[in-house]
Amino acid sequence: MKAQSSRLGAFWIRLAIAYIVLVIIWPFVYSAYARHLGTISAPVAQWLVNGPVHTRSGWHEGQLAMHVVLADRSGTKRDIGVDVDPIRLGFSHITFLALVIAVPGWSWRRRVPRWLIGAVGIEAFNVGVIMAAVFGEIATMNLDFWPGDVVTSMLPRALLTNYLNLLSLVGAQFVPILFWLLLLVFPLRRGDDAKRHQGRPAARGQRPPHALPHLKRRAA
Amino acid sequence: MSSHVNRSTAALAISPRRRRLPWAAIRAGLVFVAIFGAWLWMLTIGNLQEHIWLPFVNIVAQSAGLIFRVFGARVAVSGLSLSVNGVSLTIAFGCDGLEAHGIFIAAIFAAALSWKRRLLGLLVGTIGIFLINQIRVCGIFLAARFGSQWFYYAHTVVGQTFVIVATMGLFLWWVTRDESPK
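Sequence order for the protein chains is A and B. Per my numbering, residue 8 is the first one in the first sequence, and the count goes up by one each step. Per my numbering, residue 1313 is the first one in the second sequence, and the count goes up by one each step.
These are calculated hints, taken from the structure and not from any lab test. No residue lacks a Cβ here, since even glycine has one placed at the ideal position from N, Cα and C. You may find that some hints are simply not true.
Said to hold, decoys possible - Label-pair restraints from in silico Cβ distances:
#1 V30(A) with I1439(B): 27 to 35 Å
#2 K1428(B) with V30(A): 33 to 41 Å
#3 G135(A) with W1353(B): 17 to 25 Å
#4 I124(A) with F1405(B): 27 to 35 Å
Said to hold, decoys possible - Simulated coverage check for chain A against chain B, where a stretch passes if three residues somewhere in it have a Cβ under 8 Å from a Cβ of chain B:
#5 96-106
#6 128-135
As the list claims (entries may be wrong) - Chain B side only, calculated, beta carbon under 7 Å to chain A, not exhaustive:
#7 G1341
#8 L1342
#9 V1387
#10 V1469
#11 G1471
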């Protein structure tokens, strides 16, 4: 019981320290992160629109204003502006990283690859939010390249226009938690790990013996 | 005999170590996504909004007002709005912690727990997340009252993150809690 309390105490202390450090660092990197989001979104937008696309991104009133310039069927160039919130999107990474640092029961050798996998997943989700914003804007403006060649076959219009806000609101909270649970919490509950450690203290770098005690009992 | 043993040893030595897929974790992940998806869908149903979610948001607003009154602040509550000295804050859908409740419920059902612990966990989680969300609502109201320049960050960044992370801390505490007889 005492060991559990100290483990959970360590969780909260690590979480608090990780959050404070990350939040202090964040203002110095979020501008670069926003530019990075614009850079990796451009080829995806180009691929989805299936036509000539020019994207540029910059800051506008504290938001990442991303412009997608593309030609409609008549050849007229259209400039579509999309505002996305890099603070919200970037905070997914902060939440995930802080939870990865804080969760008990993993060696750093195993923690780091799981963090990288989750970070790539979060990036993919963030690019998805930006793409949904771009095509939601296209749908709202009723531009005549809508239905686009690829997009309509992939996503229903209502999803883009009605659920975009819900997606970015809930997704930014939900996605880091999903990756954390999938990569670091649910895999902990394996009977073989509990068995492997039974009866001897965990060596440095190994998972502790009682990470999930009810499973240890079940395995026994 | 000896050569047989040697062949077996050699075979063991050169065969790559089999890595089993973590099926339990994958199954838990699928259960989590399915339940949380269903919960989000339920949040959008008109009838449920009218008869369950809206009264719940009302309870959140009323109890936030009660907390302020307990501490001596004269905060007026009208419907879903809290107001004091000309500063008003409306508790909307999304400020009610219902997404956090959904994440907790999905995680509890996905975890390898007995049904008794799941149901007790739901009770503990419901009360715990409600209290966690009340801290957020009161904090946001204080930010609106005393530091309006920080309102956006308090509302969008700090408040949401606090609720989600505290919810996960509560979940981790519940699944790692040892209930073996002393």
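For this session: Mind checking the hinted window 33 to 41 Å against the Cβ distance between K1428(B) and V30(A)?
Result: 39 Å, holds
For this session: Examine the segment 96-106 of chain A for residues whose CB is less than 8 Å from any CB of chain B, and state whether their number is three or more.
Result: Check passed, 5 qualifying residues.
Exercise. Taking the least C-beta to C-beta distance, is V1387(B) closer than 7 Å to chain A?
Worked result: At about 27 Å, which exceeds the 7 Å cut-off, the nearest Cβ of chain A leaves the hint on V1387(B) violated.
For this session: Answer holds if the nearest beta-carbon of chain A is closer than 7 Å to that of V1469(B); otherwise answer violated.
Result: V1469(B) check passes; min Cβ-Cβ to chain A is 6 Å, inside 7 Å.
Exercise. When the nearest CB of chain A is found for G1341(B), is that gap smaller than 7 Å?
Worked result: 5 Å, holds
Exercise. Holds or violated: is the Cβ of G1471(B) closer than 7 Å to a Cβ in chain A?
Worked result: 11 Å, violated
Exercise. Does the nearest C-beta of chain A fall within a distance shorter than 7 Å of the C-beta of L1342(B)?
Worked result: For L1342(B), the interface hint is violated, since the closest Cβ of chain A sits about 10 Å away, which is over 7 Å.
Exercise. Holds or violated: 17 to 25 Å for the Cβ distance of G135(A) and W1353(B)?
Worked result: 19 Å, holds
Exercise. Honestly, do V30(A) and I1439(B) meet the 27 to 35 Å range at C-beta?
Worked result: Between V30(A) and I1439(B), where Cβ atoms are some 29 Å apart, the hint holds.
Exercise. Could one say that the CB atoms of I124(A) and F1405(B) fall in the range 27 to 35 Å?
Worked result: Given range 27 to 35 Å: holds, Cβ gap about 33 Å.
For this session: With a C-beta cutoff of 8 Å, work out whether three or more residues of the segment 128-135 of chain A approach chain B closely enough for the coverage to hold.
Result: Since three or more residues must qualify, the claim that chain B covers the segment 128-135 of chain A is violated, with 0 doing so at under 8 Å.
Hints 6, 8, 9, 11 from the earlier list are contradicted by this structure; the remaining hints agree with it.
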